[in-house]
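Residue numbers (our numbering), protein chains in the order written: chain D, 6 to 157; chain V, 6 to 157; chain C, 6 to 157.
Everything labelled a hint here was simulated from the structure, so no lab data went into it.
These figures come from a predicted structure and were not determined experimentally.
You may find that some hints are simply not true.
[As the list claims (entries may be wrong)] Below 25 Å or equal to it, Euclidean Cα-Cα: the simulated PhoX-like pairs (lysine-lysine) are:
id	chain 1	residue 1	chain 2	residue 2
1	D	132	V	132
2	C	132	C	35
3	D	14	D	132
4	C	35	D	35
5	D	35	V	35
[Claimed, not checked] Per label pair, the in silico range of CB-to-CB distance:
id	chain 1	residue 1	chain 2	residue 2	range
6	V	35	D	35	41 to 49 Å
7	V	52	C	145	45 to 53 Å
8	V	107	C	15	19 to 27 Å
9	V	37	D	14	28 to 36 Å
10	D	8	V	15	50 to 58 Å
11	C	145	D	8	28 to 36 Å
12	C	14	V	50	37 to 45 Å
13	V	65	C	62	23 to 31 Å
14	C	106	D	89	27 to 35 Å
Glycine residues also receive a C-beta, built at the ideal position from the N, C-alpha and C atoms.
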Amino acid sequence: MSSVEDRLKELNLELPSAPAAVGFYVPVLKTGNLVITSGQLPFIGKELAFKGKLGKEIHDREGQNAARIATLNALAHIKSCIGDLNDITQVVRLEGYVQSADGFNDQALVLNAASELLVDLFGESGKHTRIAVGVSELPLDSPVEIGLWVEV
Amino acid sequence: MSSVEDRLKELNLELPSAPAAVGFYVPVLKTGNLVITSGQLPFIGKELAFKGKLGKEIHDREGQNAARIATLNALAHIKSCIGDLNDITQVVRLEGYVQSADGFNDQALVLNAASELLVDLFGESGKHTRIAVGVSELPLDSPVEIGLWVEV
Amino acid sequence: MSSVEDRLKELNLELPSAPAAVGFYVPVLKTGNLVITSGQLPFIGKELAFKGKLGKEIHDREGQNAARIATLNALAHIKSCIGDLNDITQVVRLEGYVQSADGFNDQALVLNAASELLVDLFGESGKHTRIAVGVSELPLDSPVEIGLWVEV
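Turn these sequences into a full structure, and let the hints guide you.
Listed below in structure tokens is the structure:
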């Protein structure tokens, strides 16, 4: 596999500049061989790319785009922590929270966009474990929040 | 303590065949000394054994059965990863999400069925830390989702 | 920085006696260099200091107090596990679940009280990654549930 950043270019994607953490916490840190991010929202610059609940204000495809953007933000933070995304030996865990209207049960479909992106970028070592839950409310009315745990 | 699989037999339980992961992720992986599962639903074969929200369509006892089934599915995946459940030195973490109707606050009661099963199977080393939260929606209208972290 | 317990005194705070776990699980355990707590509720003794949903029965300031109390309970458990809070080399992860009424999106504001407390107590090594989600229901109608992962 070509390097992760080459693969991003092939997919016409680029890492954003790592968004600043809001609050008394950090966006990413390393403990042992694990690098862990805070929950990422689909920020583009200082604005959320999408707002609202899946199954109500937000359709599946927008939710999937939001999941991709949040995942790229997580990867940007991980790069800022470890320097080179090629040092990731395994994507360990994706924590996916989907802001869901009553009766919306397609959280897996929304989060598949994030999971597929990780496999596109990292190949077999991009295959991760996943938690997929629907929650009633997320910070700033974000449709998704995504945390990543990777092994380096 | 007898072996974990003997204990399963004594409890008239058996490990299911490990259900296939749906999507671009894996049901289980190992990082360092930790083995981590994806969030498990109460599948029996290809069907959810239960659907609906606790406090509305689903009663406590059904929720507890769902929690046990999801936990057995998690253990089946862990066995497929490490080969022998006796290699587990500590159950580290149970992540328990309970699909809850408005006003349902007995998430602990539902998840106790999963926690009790782990202690029945693993004794003292089955005593884990736990997150117990009620969420508005889960994938496929599942009443529970359970993730396990174990140390080997 | 003075020792963590001196710092608690300066802030006019004290660690509670570690609340007993309810159920078939433990409030804290150590695996490798990580010490992990179960989800903590804002218990003072045997009673929850607050009940209800943010954005409905509970105001921001009460939610922040609840978050601080739950965090102190988590630290009390960690102390009971490792003996000395000064042995913490890094607060790794705060898992924050906020019981939220429909339309409440200030989970970050509520949890900032917990995050700020950790930085007040541990300085730079208190800066953690964070998951902040709003959930529809928590055990016992608690307004917040907080889990901590620390490195020792």
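Going through the hints against the structure:
1. D:132 x V:132: Violated, at roughly 29 Å.
2. C:132 x C:35: holds, 20 Å
3. D:14 x D:132: holds, 20 Å
4. C:35 x D:35: holds, 18 Å
5. D:35 x V:35: holds, 18 Å
6. V:35 x D:35: 41 to 49 Å: Violated, since residue 35 of chain V and residue 35 of chain D (Cβ atoms, about 19 Å apart) do not stay within the stated range.
7. V:52 x C:145: 45 to 53 Å: For residue 52 of chain V and residue 145 of chain C the Cβ distance comes to about 33 Å; the hint is violated.
8. V:107 x C:15: 19 to 27 Å: For residue 15 of chain C against residue 107 of chain V, whose Cβ atoms are near 42 Å apart, the range 19 to 27 Å is violated.
9. V:37 x D:14: 28 to 36 Å: holds, 32 Å
10. D:8 x V:15: 50 to 58 Å: At roughly 53 Å between Cβ atoms, residue 15 of chain V and residue 8 of chain D fall inside 50 to 58 Å, so the hint holds.
11. C:145 x D:8: 28 to 36 Å: violated, 50 Å
12. C:14 x V:50: 37 to 45 Å: With a Cβ separation near 58 Å, residue 14 of chain C and residue 50 of chain V fall outside 37 to 45 Å, so the hint is violated.
13. V:65 x C:62: 23 to 31 Å: Holds, at about 24 Å.
14. C:106 x D:89: 27 to 35 Å: violated, 44 Å
Hints 1, 6, 7, 8, 11, 12 and 14 from the list above are not met by this structure, while the remaining hints are.
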